[in-house]
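As a plain string of letters, each chain reads:
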Amino acid sequence: MNFINYLSERPKLTQFGIVLIVFFILMSMTGLYHDLIVERHLFAKSIVKGEIQSSVGFAESMSMILNWQLPPQLVRIPELTFYHPVINTSATYVLIALLVTAGLLYKSFAESVNKSQWLRVNWFQIISKGFVGIIVGLLFIPTLYNWFFGEVTRSTFWEIPMMLQDFSQYLIFEFWLTPVYDPEIEDYEDYGRVRLFTRAIGATLLFLINLVRELLIGGFETVVSLANVFSDQSGWDWLNENKDKWYSSVPAIPWTVLTAGAFILGYKLQGVGLSILAGFSCIYLAVFGQWEPAMQTLSFVLVAAPVSVLFGVIWGVLAYKSRTVERVITPFLLVAQTFPHFAYLVPIIVFFGIGDHAGAIATIIFATPPMIRLTLLGLKRVSPEVLDAGRMSGCHNYQLMFKVLIPTARRDILIGVNQVIMQCLAMAVIASFIGAMGLGFNLLLALNQLRVGQALELGVCIVLIAVVLDKLSLAWANKQTDYFADLSFVERNKTALLFVAVFFAALLFAWFGNWVFADTAKGINYFYLIPHNKGITTEPFWQAGVDYMVSNWRADIKIFNEWLLVEVLMPMKASYLAMPAIATFVLTMGVGYIIGGIRSAIIVGSFMLFIALTPWWERALITMYMLTFAVIVSVFIGTIVGAICVQNKRATKFILLVCDTFQTFPSFIYLIPVIMLFGVTDTSVLIAVIVYAVIPPTRYTVEGLRNVPESLLDAADMSGTTKLQRMFKIEFPLAFPHIMLGVNQCVVFALFMVIIGAFIGTEDLGQEIMQQLFSGGNIGSGLMLGLCVAFIGLAVDHLIQTWATKRRKLLGID
Amino acid sequence: MSDQQPVIKCDSVYKIFGKDAEKMLQNANGKVVAEEFQKAGCVVGVNNASFEVKKGEMLVVMGLSGSGKSTLLRCISRLTDATAGNIYIEGEDLTSMSDKELIGLRRNKMGMVFQSFALLPHKTVLENIAFPLQVKGNSTKDSIQRAKEMVDLVGLTGRENYFPRELSGGQQQRVGIARSLAVEPDIWFLDEPFSALDPLIRKEMQDEFLRLQGVLNKTILFVTHDFDEALRLADRIAIMKDGIIEQLDTPANIVLNPATEYVRKFTEDVPREKVLKIKSVMEPVGDEKDFSDLRVSEDALIETVAEAVLGDPKSVPVLNANDDIVGVVHSSKVIHVLFGENSTLESNA
Ligand SMILES: Nc1ncnc2c1ncn2[C@@H]1O[C@H](COP(=O)(O)OP(=O)(O)OP(=O)(O)O)[C@@H](O)[C@H]1O
Ligand SMILES: [Mg+2]
Numbered sequence: 001m002n003f004i005n006y007l008s009e010r011p012k013l014t015q016f017g018i019v020l021i022v023f024f025i026l027m028s029m030t031g032l033y034h035d036l037i038v039e040r041h042l043f044a045k046s047i048v049k050g051e052i053q054s055s056v057g058f059a060e061s062m063s064m065i066l067n068w069q070l071p072p073q074l075v076r077i078p079e080l081t082f083y084h085p086v087i088n089t090s091a092t093y094v095l096i097a098l099l100v101t102a103g104l105l106y107k108s109f110a111e112s113v114n115k116s117q118w119l120r121v122n123w124f125q126i127i128s129k130g131f132v133g134i135i136v137g138l139l140f141i142p143t144l145y146n147w148f149f150g151e152v153t154r155s156t157f158w159e160i161p162m163m164l165q166d167f168s169q170y171l172i173f174e175f176w177l178t179p180v181y182d183p184e185i186e187d188y189e190d191y192g193r194v195r196l197f198t199r200a201i202g203a204t205l206l207f208l209i210n211l212v213r214e215l216l217i218g219g220f221e222t223v224v225s226l227a228n229v230f231s232d233q234s235g236w237d238w239l240n241e242n243k244d245k246w247y248s249s250v251p252a253i254p255w256t257v258l259t260a261g262a263f264i265l266g267y268k269l270q271g272v273g274l275s276i277l278a279g280f281s282c283i284y285l286a287v288f289g290q291w292e293p294a295m296q297t298l299s300f301v302l303v304a305a306p307v308s309v310l311f312g313v314i315w316g317v318l319a320y321k322s323r324t325v326e327r328v329i330t331p332f333l334l335v336a337q338t339f340p341h342f343a344y345l346v347p348i349i350v351f352f353g354i355g356d357h358a359g360a361i362a363t364i365i366f367a368t369p370p371m372i373r374l375t376l377l378g379l380k381r382v383s384p385e386v387l388d389a390g391r392m393s394g395c396h397n398y399q400l401m402f403k404v405l406i407p408t409a410r411r412d413i414l415i416g417v418n419q420v421i422m423q424c425l426a427m428a429v430i431a432s433f434i435g436a437m438g439l440g441f442n443l444l445l446a447l448n449q450l451r452v453g454q455a456l457e458l459g460v461c462i463v464l465i466a467v468v469l470d471k472l473s474l475a476w477a478n479k480q481t482d483y484f485a486d487l488s489f490v491e492r493n494k495t496a497l498l499f500v501a502v503f504f505a506a507l508l509f510a511w512f513g514n515w516v517f518a519d520t521a522k523g524i525n526y527f528y529l530i531p532h533n534k535g536i537t538t539e540p541f542w543q544a545g546v547d548y549m550v551s552n553w554r555a556d557i558k559i560f561n562e563w564l565l566v567e568v569l570m571p572m573k574a575s576y577l578a579m580p581a582i583a584t585f586v587l588t589m590g591v592g593y594i595i596g597g598i599r600s601a602i603i604v605g606s607f608m609l610f611i612a613l614t615p616w617w618e619r620a621l622i623t624m625y626m627l628t629f630a631v632i633v634s635v636f637i638g639t640i641v642g643a644i645c646v647q648n649k650r651a652t653k654f655i656l657l658v659c660d661t662f663q664t665f666p667s668f669i670y671l672i673p674v675i676m677l678f679g680v681t682d683t684s685v686l687i688a689v690i691v692y693a694v695i696p697p698t699r700y701t702v703e704g705l706r707n708v709p710e711s712l713l714d715a716a717d718m719s720g721t722t723k724l725q726r727m728f729k730i731e732f733p734l735a736f737p738h739i740m741l742g743v744n745q746c747v748v749f750a751l752f753m754v755i756i757g758a759f760i761g762t763e764d765l766g767q768e769i770m771q772q773l774f775s776g777g778n779i780g781s782g783l784m785l786g787l788c789v790a791f792i793g794l795a796v797d798h799l800i801q802t803w804a805t806k807r808r809k810l811l812g813i814d
Numbered sequence: 001m002s003d004q005q006p007v008i009k010c011d012s013v014y015k016i017f018g019k020d021a022e023k024m025l026q027n028a029n030g031k032v033v034a035e036e037f038q039k040a041g042c043v044v045g046v047n048n049a050s051f052e053v054k055k056g057e058m059l060v061v062m063g064l065s066g067s068g069k070s071t072l073l074r075c076i077s078r079l080t081d082a083t084a085g086n087i088y089i090e091g092e093d094l095t096s097m098s099d100k101e102l103i104g105l106r107r108n109k110m111g112m113v114f115q116s117f118a119l120l121p122h123k124t125v126l127e128n129i130a131f132p133l134q135v136k137g138n139s140t141k142d143s144i145q146r147a148k149e150m151v152d153l154v155g156l157t158g159r160e161n162y163f164p165r166e167l168s169g170g171q172q173q174r175v176g177i178a179r180s181l182a183v184e185p186d187i188w189f190l191d192e193p194f195s196a197l198d199p200l201i202r203k204e205m206q207d208e209f210l211r212l213q214g215v216l217n218k219t220i221l222f223v224t225h226d227f228d229e230a231l232r233l234a235d236r237i238a239i240m241k242d243g244i245i246e247q248l249d250t251p252a253n254i255v256l257n258p259a260t261e262y263v264r265k266f267t268e269d270v271p272r273e274k275v276l277k278i279k280s281v282m283e284p285v286g287d288e289k290d291f292s293d294l295r296v297s298e299d300a301l302i303e304t305v306a307e308a309v310l311g312d313p314k315s316v317p318v319l320n321a322n323d324d325i326v327g328v329v330h331s332s333k334v335i336h337v338l339f340g341e342n343s344t345l346e347s348n349a
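From first to last, the protein sequence lines are chains A and B. Read in this note's numbering, the first sequence has 404 at position 404, and its numbers run on one by one without any break. Read in this note's numbering, the second sequence has 286 at position 286, and its numbers run on one by one without any break.
Hints are not guaranteed to be accurate.
Below, a list of computed lysine-lysine pairs in the DSS-like style, where the Cα atoms sit at most 30 Å apart [said to hold, decoys possible]:
| id | chain 1 | residue 1 | chain 2 | residue 2 |
| --- | --- | --- | --- | --- |
| 1 | A | 380 | B | 100 |
| 2 | A | 115 | B | 39 |
| 3 | A | 403 | B | 109 |
| 4 | A | 107 | B | 39 |
| 5 | A | 403 | B | 136 |
| 6 | B | 148 | A | 403 |
What follows is a set of in silico ranges between Cβ atoms, one per label pair, in the way DEER data are often shown [claimed, not checked]:
| id | chain 1 | residue 1 | chain 2 | residue 2 | range |
| --- | --- | --- | --- | --- | --- |
| 7 | B | 214 | A | 381 | 35 to 41 Å |
| 8 | A | 490 | B | 214 | 44 to 50 Å |
| 9 | A | 113 | B | 26 | 30 to 36 Å |
| 10 | B | 41 | A | 135 | 30 to 36 Å |
| 11 | B | 158 | A | 536 | 52 to 58 Å |
| 12 | B | 29 | A | 197 | 55 to 61 Å |
| 13 | A | 714 | B | 214 | 44 to 50 Å |
| 14 | B | 41 | A | 321 | 22 to 28 Å |
| 15 | A | 113 | B | 5 | 58 to 64 Å |
| 16 | A | 640 | B | 41 | 50 to 56 Å |
| 17 | A | 650 | B | 158 | 34 to 40 Å |
| 18 | B | 155 | A | 490 | 35 to 41 Å |
No lab work stands behind these hints: they were computed from the structure. Glycine included, each C-beta is placed from N, C-alpha and C at the ideal position.
All chains should be built: construct the whole structure from the sequences, respecting the hints.
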């Protein structure tokens with residue numbers, strides 16, 4: 001009796017219990033398939049081989065269920081034949097149609113006061129609902145019936161990738177052609193305008209990147225690539241013809257000039273601190289022999305970041321101005337949050353080819369959505385009074401936007417800029433898959449050769465560039481003008497003049513270098529450029545460290561690893577794969593219903609259905625298994641570390657700094673030592689995932705606990721709680737919604753890394769995406785796979801956000 | 001003649017929020033009942049407002065929260081378009097102005113101060129004040145020069161390069177005031193400018209405001225929900241309820257002759273010595289000759305002279321602007337005002 005009372009006071013708990021019970025009942029009903037679906041692909045194979053049917057009729061299904069056995073179509077949702085709708089006018093369905101109509105009209109009839117007049121008054125409603133009844137009863141339900149219990153004749157959903165692929169090929173090669181002169185065959189040839197357009201975009205970006213690159217490291221190669229853009233001949237030919245012209249041998253800027261420039265710029269924008277940071281970062285890049293790749297990366301970022309910011313602000317402003325635009329782009333922004341990078345790459349290769357420009361485009365596509373989101377958020381948060389003040393000051397629309405709205409929203413917009421810069425550098429490695437040069441490419445090489453030390457140094461380069469660019473842009477945005485000082489020309493332009501002076505001094509310096517280093521180092525002028533691999537390096541040290549770890553710990557680690565794999569990971573994976581699809585749906589939609597009612601259940605259900613209908617349901621299950629494991633461990637570690645660190649001010653600061661660094665640190669680097677220690681196993685992937693995904697829960701725990709109102713804590717102390725009591729009774733409950741947002745971010749981060757884990761070797765969605773990428777790529781598969789990953793993320797995101805919003809309202813925090 | 005012309009003239013102005021506001025208003029034929037509109041999903045902001053404000057006059061608009069004060073102000077500054085009715089600024093029809101004319105009007109003739117200051121967070125004090133001038137296209141040097149004058153005027157000298165976040169509320173509002181005055185507007189709108197300040201600062205800012213008005217003599221529309229503030233500042237007061245102007249009159253008349261039950265309730269607790277002038281309690285000079293040596297002006301508020309009059313056993317002569325004796329006031333009358341029932345008093349202020 002007590003137990004029943006307990007449950008009736010907690011309806012959500014009861015509901016959850018029911019969901020779990022149903023889930024386990026369904027799990028236990030795999031019976032005859034049990035051995036087959038543990039090795040999931042065997043199930044699919046058996047169907048293909050005809051050993052089991054892919055679906056059975058209604059009567060047989062019923063008898064199977066009565067025999068405690070799920071029919072096969074509930075184990076693996078059959079593919080939807082969406083362009084062969086079934087229309088059925090047999091008596092049963094007519095009856096269903098009538099029943100549906102009656103059901104729809106019942107409420108209106110029951111509530112009407114004047115029953116005799118009801119028909120006349122509500123005729124329109126009756127007709128429209130009757131129509132709905134007919135559609136549902138005669139079309140929808142028969143189709144559904146056929147889908148589940150009929151013969152699967154065509155698997156149209158599985159053909160979508162091919163259709164998309166064909167469509168993109170059509171767009172590129174056959175749509176809207178125009179003759180273009182081709183100098184190679186000396187004749188006109190038909191080109192698709194789409195391709196010409198994408199080429200023009202690619203060429204423009206490439207030109208910009210090369211322009212910056214020419215300025216930074218310049219020299220021979222970039223002149224050639226620039227020449228390639230401008231002339232019809234090959235750049236090399238052109239260069240040979242113009243060999244003796246002065247511009248063919250324009251030297252690059254020596255690294256000393258840029259370094260001095262960084263010192264000066266940092267000082268001018270903010271002061272000594274930034275000056276030192278910027279300057280020493282440059283010195284690091286040069287001294288470690290990474291100057292050239294670093295400048296390649298920089299040139300790429302200096303083009304991609306401004307373009308992303310510009311697009312982001314433009315779309316943000318448009319969305320702010322027009323509800324329609326906002327409505328249209330919102331779903332894209334949502335999907336972009338969890339869409340895996342690799343999935344972008346396939347279509348980009350198809351449309352834009354390979355090279356720096358393709359990398360830049362991938363980066364822009366990746367970095368723009370957060371910028372749009374933050375711009376829109378910032379603009380929406382501008383108080384209406386400030387807007388009125390601007391209008392009363394006599395601003396016209398343009399002034400209102402650029403002098404009032406955007407500057408007032410700058411806090412959020414600057415966070416957006418920061419995000420863009422971080423994303424650009426995060427993409428540096430991934431962009432190198434499709435031909436972007438620079439640090440990312442070198443990092444990839446180092447990874448392939450398992451050179452930990454070098455990879456680490458390269459990673460630090462990337463972090464430094466990210467941090468310096470971020471701080472410089474922030475300082476630039478916050479710069480203040482002084483109207484009082486009545487300065488002379490020299491005083492006003494002293495930094496510029498100083499730079500000019502330093503410029504020539506450094507050139508002179510580099511020139512002297514020609515003699516200084518004349519005999520010592522085979523003509524390498526260190527004052528001009530420290531070539532790749534000629535700088536100092538800490539590689540031997542790291543290598544020794546890794547060697548030590550491998551030789552001394554390997555045995556112990558192996559035991560642990562085997563235990564983990566055999567006792568934890570493999571059973572977990574097996575049980576995920578053994579889930580009949582219908583059980584997965586019951587669980588996810590049930591949780592959705594408990595958290596956010598019917599609406600959430602439907603949203604989560606649709607995400608899952610999409611995945612279930614693609615050919616990659618099993619792979620998605622593996623992704624989900626890794627995701628679950630990684631998120632549980634990360635959240636566990638993150639909250640504990642966060643909770644401990646928040647007890648002490650210094651520790652708090654330190655842990656936040658660590659979080660920041662690890663977030664920009666290229667995630668690939670974690671992979672090397674882990675692989676060396678754990679081999680190519682799921683453990684390696686999961687460890688790499690956890691190292692990355694543990695950041696958000698830590699950060700959000702720290703923030704959440706720190707933001708618990710002082711007064712509440714004092715009140716708790718006054719009522720005599722112990723420190724632990726206070727922690728668990730007050731601080732954690734209040735911080736919990738915020739921590740849950742950290743969990744949400746954790747899922748996004750983990751998903752990102754699980755997909756990257758394909759490099760180590762997994763069998764999940766990421767692997768499939770990777771294969772699409774390397775096998776030349778089918779646009780359709782790439783996109784669909786990307787959507788599968790994105791939808792897993794979005795389903796979790798939806799659940800957690802809904803829960804956190806409700807919870808915060810309940811607690812009265814906002 | 002131009003003195004006769006009202007600076008602001010409202011002619012049955014309506015502002016109704018909601019989708020089919022205009023249609024509903026037409027159907028209602030000018031008779032707007034807030035509840036009916038509410039049922040249809042509309043909110044009545046301003047309901048049939050008609051009044052005039054003369055040059056140099058200060059009209060204070062009063063009412064509870066949500067009574068439509070801000071909405072009225074926003075209609076007159078055309079930050080929102082009125083749903084119906086006409087508004088004239090110095091005889092020109094505001095509602096039919098093009099965007100360009102409107103911008104011109106705002107750049108040269110109007111200034112506004114906001115409750116939450118509405119300063120631009122990325123600009124310094126000086127830049128904020130110079131902003132309307134720069135928007136107008138004045139050179140940076142001129143605008144900054146003028147802004148400096150304004151800084152001195154509102155007493156913020158030395159804080160030119162502070163950012164709004166580095167200033168106290170009162171100082172921020174001084175910046176808001178300076179900004180609204182930078183273009184030398186003829187019409188000055190203030191929407192609860194002092195509500196966000198604590199009482200002491202508010203008093204100080206009111207004094208400051210009166211000082212400025214003494215120097216500048218603008219036409220002012222001032223919104224507040226603080227009756228004391230209204231009494232201190234107003235030439236005339238408009239009391240609003242649910243978008244309707246219940247009464248528009250001098251402070252004394254509003255207190256003494258409330259037009260509606262609502263206004264009476266509203267003014268019930270107002271100490272009358274703060275509103276009434278000596279003029280309203282003086283009696284004609286009778287045959288008595290034994291006057292006090294004290295003299296009071298007929299325009300003085302009773303509150304300000306009560307103590308002196310009460311301290312004097314004899315009748316005190318009342319002077320008009322030309323220092324002629326126009327009547328006498330007895331301490332008994334003053335006591336009556338201070339402590340007695342108010343219903344019997346007649347006003348001739
Ligand atoms: N943009 C709007 N859309 C819909 N309704 C509005 C809008 N602006 C104001 N209202 C409504 O109009 C009514 C009058 O609002 P207004 O802001 O003029 O009140 P107020 O007298 O200034 O109040 P307060 O003292 O709180 O500033 C309120 O009921 C408000 O909800
Ligand atoms: Mg208001």
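| message | Hint by hint, where does the structure go against what was stated? Just the numbers, ascending. | response | Of the numbered hints, all hold.
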